[in-house]
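Please arrange chain C on chain X, whose structure you already have, making use of the hints.
Chain by chain, the residues:
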Amino acid sequence: MSLLEVADLRIRYARQGRLRATLRREPHDFEAVSGVSFQIDAGQTLGLVGESGSGKSTIARTLIGLKKPTSGSIRFEGQEISAASNREWSRLRRQMSMMWQDPVGSLSPRLTVGSLVTEPLRIHGRKGDRAEAERLLGLVGLPAEFISRYPHQLSGGQARRVGVARALALDPKLLIADEPTAGLDMSVQGEVLNLLNDVQKRTRVAVLVITHNLNLVRHVTDRMAIMYLGRFVEEGPTARIFEHARHPYTEALLSANPEPDPDARGDRVTLAGEVPSPVNRPSGCDFHPRCPWARPDCSVRVPERYPEGGRSHRCLFPL
Amino acid sequence: MATHATATATEEPLVAVEGLSVDFDTPRGTIQALRDIDLTVPKGKVLGIVGESGCGKSTLAYSLIGLLAENARVAGGAIRMGEHDLARLGAAGWRDLRGTRVAMIFQDPMTALNPVTTIGQQMLDIQYRDRISRSEKRARAVEFLEQVQIPDAASKLDAYPHQLSGGMRQRVCIAMALLTQPDLLIADEPTTALDATLEMQIVALLRELQQKFGCSVVFVSHHLGTVAELCDDVAVMYAGEVVERGSARSLFHDPQHPYTQALLDCDPARIKIATRTLPTIPGTLPDLRQPPRGCAFRARCPHAWGRCEREHPPLYPGAAGQRVRCHLSDPAEDAA
Chain X
1 MSLLEVADLR
11 IRYARQGRLR
21 ATLRREPHDF
31 EAVSGVSFQI
41 DAGQTLGLVG
51 ESGSGKSTIA
61 RTLIGLKKPT
71 SGSIRFEGQE
81 ISAASNREWS
91 RLRRQMSMMW
101 QDPVGSLSPR
111 LTVGSLVTEP
121 LRIHGRKGDR
131 AEAERLLGLV
141 GLPAEFISRY
151 PHQLSGGQAR
161 RVGVARALAL
171 DPKLLIADEP
181 TAGLDMSVQG
191 EVLNLLNDVQ
201 KRTRVAVLVI
211 THNLNLVRHV
221 TDRMAIMYLG
231 RFVEEGPTAR
241 IFEHARHPYT
251 EALLSANPEP
261 DPDARGDRVT
271 LAGEVPSPVN
281 RPSGCDFHPR
291 CPWARPDCSV
301 RVPERYPEGG
311 RSHRCLFPL
Chain C
1 MATHATATAT
11 EEPLVAVEGL
21 SVDFDTPRGT
31 IQALRDIDLT
41 VPKGKVLGIV
51 GESGCGKSTL
61 AYSLIGLLAE
71 NARVAGGAIR
81 MGEHDLARLG
91 AAGWRDLRGT
101 RVAMIFQDPM
111 TALNPVTTIG
121 QQMLDIQYRD
131 RISRSEKRAR
141 AVEFLEQVQI
151 PDAASKLDAY
161 PHQLSGGMRQ
171 RVCIAMALLT
181 QPDLLIADEP
191 TTALDATLEM
201 QIVALLRELQ
211 QKFGCSVVFV
221 SHHLGTVAEL
231 CDDVAVMYAG
241 EVVERGSARS
251 LFHDPQHPYT
261 QALLDCDPAR
271 IKIATRTLPT
281 IPGTLPDLRQ
291 PPRGCAFRAR
301 CPHAWGRCER
311 EHPPLYPGAA
321 GQRVRCHLSD
331 PAEDAA
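Heads up: the sequence lines are chains X and C, in that order. Be aware that the first sequence starts at 1, since it is given in full-length UniProt numbering, and climbs by one per residue. Be aware that the second sequence starts at 1, since it is given in full-length UniProt numbering, and climbs by one per residue.
A hint or two may mislead.
[To be verified] Straight-line Cα separation of at most 20 Å, SDA-like style, residue types lysine to any residue; simulated pairs:
id : chain 1 : residue 1 : chain 2 : residue 2
1  : X       : Lys127    : X       : Ser148
2  : C       : Lys272    : X       : Lys127
3  : C       : Lys272    : X       : Ser255
4  : C       : Lys137    : C       : Ser155
5  : X       : Lys67     : X       : His28
6  : C       : Lys272    : X       : Asp222
7  : X       : Lys201    : C       : Ala274
8  : X       : Lys67     : X       : Gln95
9  : C       : Lys272    : X       : Asp178
10 : X       : Lys201    : C       : Arg276
11 : X       : Lys67     : X       : Gln44
12 : X       : Lys201    : X       : Asp171
13 : C       : Lys137    : C       : Gly99
14 : C       : Lys272    : X       : Asp263
15 : C       : Lys272    : X       : Arg240
16 : C       : Lys272    : X       : Glu243
17 : C       : Lys212    : C       : Ala274
18 : X       : Lys67     : X       : Ser148
Bear in mind the hints are in silico, worked out from the structure with no lab data behind them.
Same shape as in the complex, but just chain X (with noise of 0.2 Å):
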């Protein structure tokens, strides 16, 4: 059994516009994650990958209950937790925890770094004393006479790492992680990533990784997945998929993350257009308008999910 079992999760959001939907006879609403399933075992790391609107984040917001699925199944540890009470989330909400996008936005700007750090635990019903504060405070790398300090003291680094002594407070079982290194200089997003390496060493949290970043997902996530139209089009063992991506969407997320040398110019993979609206998906395979290598048969036939030796896809013709 792995800590968190996740099997065809769908998730529709009411579209805007309701009113013409009606006139037009259009369906109210859209499916914006289409049927995802994945595990996360202890002291793994899964990286989700996918530009703005692949539903990603909708995941993320679904698997610590902010947002309920329409169907399938999330399991944590065994239990069913899709349609979990407010009492349990409670009590869930110890061992799941999240770190947000926005490092300085999601902190408070009224707390000081020690109360900020200690909140959860007092939430939860545990002593937010000074000495816990510097315990955590400790975990990340800052030294203790940051606890009186307010958020717009910090720098973009610090406060990310604020983010992560908040979401470790309550020694939490599964960690989520969306764009952590957002927003970050490129010195200080390997020092986050470091820190998030060596946190996952010590304690065998679970996490997961939520990012557009490529370059990111390969030295810290053990699998990934890459989302499009709210479907995984690949999965599997990250340094794999690395090594050779079988979907063309893949290929061209990897080319798109440039290794810096002018001389490599050109032998990129450059789509063409932008990521369709899931209101409405083009026909058969969801990526064939944007693929350089789509033959008659993608505007037809939806690709299935193609397992294949622990990695899988959903292309028809894979690379």
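Frame of chain X; chain C shown alone:
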């Protein structure tokens, strides 16, 4: 002494920044945001400006188009463009240059366009100088929307910005910047707000249009990959100074300044073998209210020695025509 061995030195540059210093007055003291910047923007080339937050790259970009904040003050130096000194140009002077010879693409395409007027109206408005008819202006607007590869361009004139996606809006901004056929186009992190696959599209588009129109581009970015993709020359900034400049090839293949080397080492795109311990640059930026006396990077530099504390390094000429603000590149150090 070494000569100016850059490939572009043969031709008169479009813009020459000479010893530019810019201060910001704040309640907590004067921040010396730019200190003694020397740079040239060659004609018809793309100059990349790279650095991390707080290094002054955006301040430099904004000073090239006269859009510095109210509390900014040019403390010294000049920005020469033809007969003009952009650093000392008044409001009237800027009205003649901005939007004709110098144009800019901003970071966030969501806020760069006016949300309450149509794309078409905004594209007509910026042609207020031209004595041509409204329908000719409209035709020009359509022509430039086609240049930036917006499908069904004519119909987009009646669209409001919110009806377009982020990538499309940035294309509209590029079309508007090029419409006036500027000599100098400043792009301040134009792809930061976009998704990865769109980012590469916009970079490819900028490259294509720059070659077609032959304008000079100053491309500000913290993303080394896109800079390598797009730029001919690159300047690396740290703590308000240019620490290294040269051709993109010399800079990315053979970085000389320890900061450039550290910055390249940190880029996870360069690390081919998966690792769980990524390189970082320990330490923090110096306080620019009191910039350190010697080398600004000294406190974080793995090679620093006594001289770095005593003496502020000038821009030494490097082996491949680049310029390096580091005593390690001093020919006299080799001899010693």
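Each hint, compared with the structure:
Between lysine 127 of chain X and serine 148 of chain X the CA atoms are separated by roughly 18 Å; this keeps the pair inside 20 Å, and the hint holds. For the given pair, lysine 272 of chain C sits about 45 Å from lysine 127 of chain X by alpha-carbon distance, which is inconsistent with the 20 Å threshold. This hinted pair checks out: lysine 272 of chain C and serine 255 of chain X have alpha carbons roughly 14 Å apart, not beyond 20 Å. For the hint linking lysine 137 of chain C to serine 155 of chain C, the alpha-carbon distance of about 15 Å falls within 20 Å, and the restraint holds.
For a cut-off of 20 Å, the pair hint linking lysine 67 of chain X to histidine 28 of chain X stands: about 18 Å separates their Cα positions. Straight-line distance between C-alpha atoms of lysine 272 of chain C and aspartate 222 of chain X comes to about 16 Å, which keeps the hinted pair within the 20 Å bound. Between lysine 201 of chain X and alanine 274 of chain C, the direct Cα distance comes to roughly 17 Å. Compliance with the 20 Å bound is thereby established for this hinted pair. Of the supplied pair hints, the one linking lysine 67 of chain X and glutamine 95 of chain X holds, its CA atoms being roughly 18 Å apart against a limit of 20 Å.
For the given pair, lysine 272 of chain C sits about 24 Å from aspartate 178 of chain X by alpha-carbon distance, which is inconsistent with the 20 Å threshold. Annotation: proposed proximity of lysine 201 of chain X to arginine 276 of chain C holds, straight-line Cα distance about 11 Å (limit 20 Å). A distance of roughly 24 Å separates the Cα atoms of lysine 67 of chain X and glutamine 44 of chain X; the hinted pair therefore is violated under the 20 Å criterion. For the proposed pair lysine 201 of chain X and aspartate 171 of chain X, the alpha carbon gap of about 13 Å is at most 20 Å, so the pair holds.
With a C-alpha separation of about 16 Å, the suggested pairing of lysine 137 of chain C with glycine 99 of chain C holds against the 20 Å cut-off. Distance check on the hinted pair: lysine 272 of chain C and aspartate 263 of chain X sit about 17 Å apart at the alpha-carbon level, within 20 Å; holds. Proximity of lysine 272 of chain C to arginine 240 of chain X is assessed by CA-CA distance (about 13 Å); at most 20 Å being required, the pair is judged to hold. About 11 Å separates the Cα atoms of lysine 272 of chain C and glutamate 243 of chain X, which keeps this hinted pair within 20 Å; it holds.
For the hint linking lysine 212 of chain C to alanine 274 of chain C, the alpha-carbon distance of about 40 Å lies beyond 20 Å, and the restraint is violated. With a C-alpha separation of about 35 Å, the suggested pair lysine 67 of chain X and serine 148 of chain X falls outside the 20 Å cut-off, and the hint is violated.
Figure legend: structure checked against the earlier numbered hints; hints not met, in rising order: 2, 9, 11, 17 and 18.
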